[in-house]
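Colleague: Sequence:
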Amino acid sequence: VERLVATNLLPADRVTAYRQDARKASRGLLEHLQLERVIREEDIVRTKAAVLHVPYIDVFGRIVRGEILNLIAQEVAENYQMVAFSQVGNEVSVAMVDPTDFKALEAIEFIARKNRLQIRYSMVSDSGLKYILRQYESLSAEVEEALKSAESEAVQFTAEHPTGEEHGVEEVIRRAPVS
Numbered sequence: 004v005e006r007l008v009a010t011n012l013l014p015a016d017r018v019t020a021y022r023q024d025a026r027k028a029s030r031g032l033l034e035h036l037q038l039e040r041v042i043r044e045e046d047i048v049r050t051k052a053a054v055l056h057v058p059y060i061d062v063f064g065r066i067v068r069g070e071i072l073n074l075i076a077q078e079v080a081e082n083y084q085m086v087a088f089s090q091v092g093n094e095v096s097v098a099m100v101d102p103t104d105f106k107a108l109e110a111i112e113f114i115a116r117k118n119r120l121q122i123r124y125s126m127v128s129d130s131g132l133k134y135i136l137r138q139y140e141s142l143s144a145e146v147e148e149a150l151k152s153a154e155s156e157a158v159q160f161t162a163e164h165p166t167g168e169e170h171g172v173e174e175v176i177r178r179a180p181v182s
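Residues 4 to 182 (this note's numbering) make up the sequence shown, in order.
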């Protein structure tokens, strides 16, 4: 809260009133400030990241390539609230809602060891995480569409090139070299 006041995101003379309002609503102060639109979610997360000495990342508008997104399985990403969003060589950038979540850190370190990757951590807002998580769904839809297309091409090819037993045998005999 002090950092929000110091960066002029929160008026110092209103902090006490906001604390009381948050208590009445049975919410934490930061949650209350965000829900009441006193401070934007991205500003709160940016401030938290600065306090934790973790880079903040704004992922809105960013499209993540499927092979990078799939470095962390969708179920793992949702469970631990983290996504891979960039890769340069063997260094992968991972955005986390809570970079102090030790279970999430263990999970990503396991993935990193398994794939011989180095991880670069950033902090992301809940909304930013959800934005990237939706890309898993579009990726699944693209894969499904590609499979349907491949299946339809296979059916068409089979129809155009019948492989009946008698036709196949005749074709083999016809093409066989004469000895």
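Each hint should be verified, as a subset may be incorrect.
Straight-line distance between alpha carbons at most 20 Å, and here's what the computed DMTMM-like set of lysine to aspartate or glutamate pairs gives [what the hints assert, rightly or not]:
#: 1; residue 1: K133; residue 2: D101
#: 2; residue 1: K27; residue 2: E45
#: 3; residue 1: K133; residue 2: D61
#: 4; residue 1: K51; residue 2: E94
If you anchor each label on the Cβ, the simulated ranges turn out as follows [to be verified]:
#: 5; residue 1: K117; residue 2: V18; range: 40 to 50 Å
#: 6; residue 1: T10; residue 2: R65; range: 22 to 32 Å
#: 7; residue 1: A15; residue 2: Q121; range: 16 to 26 Å
#: 8; residue 1: E39; residue 2: T10; range: 36 to 46 Å
#: 9; residue 1: F113; residue 2: A28; range: 34 to 44 Å
#: 10; residue 1: L55; residue 2: N11; range: 18 to 28 Å
#: 11; residue 1: E5; residue 2: Q77; range: 31 to 41 Å
#: 12; residue 1: E94; residue 2: E45; range: 19 to 29 Å
#: 13; residue 1: D104; residue 2: A9; range: 18 to 28 Å
Keep in mind the hints are simulated off the structure, nothing from the lab.
For every residue, glycine included, the Cβ atom is placed at its ideal position computed from N, Cα and C.
Colleague: None of the hints should be skipped; say for each whether it holds.
Modeller: Hint by hint, here is what the structure shows:
1. K133 with D101: Holds, at about 14 Å.
2. K27 with E45: violated (25 Å)
3. K133 with D61: holds (12 Å)
4. K51 with E94: Violated, because 24 Å separates the two Cα atoms, which is more than 20 Å.
5. K117 with V18: 40 to 50 Å: holds (46 Å)
6. T10 with R65: 22 to 32 Å: Because 25 Å falls inside the window, the suggested range holds.
7. A15 with Q121: 16 to 26 Å: The hint (16 to 26 Å, Cβ to Cβ) is violated, given that A15 and Q121 are roughly 41 Å apart.
8. E39 with T10: 36 to 46 Å: violated (19 Å)
9. F113 with A28: 34 to 44 Å: The hint (34 to 44 Å, Cβ to Cβ) holds, given that F113 and A28 are roughly 39 Å apart.
10. L55 with N11: 18 to 28 Å: Hint holds: Cβ distance 20 Å, inside 18 to 28 Å.
11. E5 with Q77: 31 to 41 Å: Holds - the Cβ-Cβ distance for E5 and Q77, about 38 Å, lies within 31 to 41 Å.
12. E94 with E45: 19 to 29 Å: Check passed, 25 Å falls within 19 to 29 Å.
13. D104 with A9: 18 to 28 Å: holds (26 Å)
Going down the numbered hints, you'll see the structure goes against 2, 4, 7 and 8, while the others check out.
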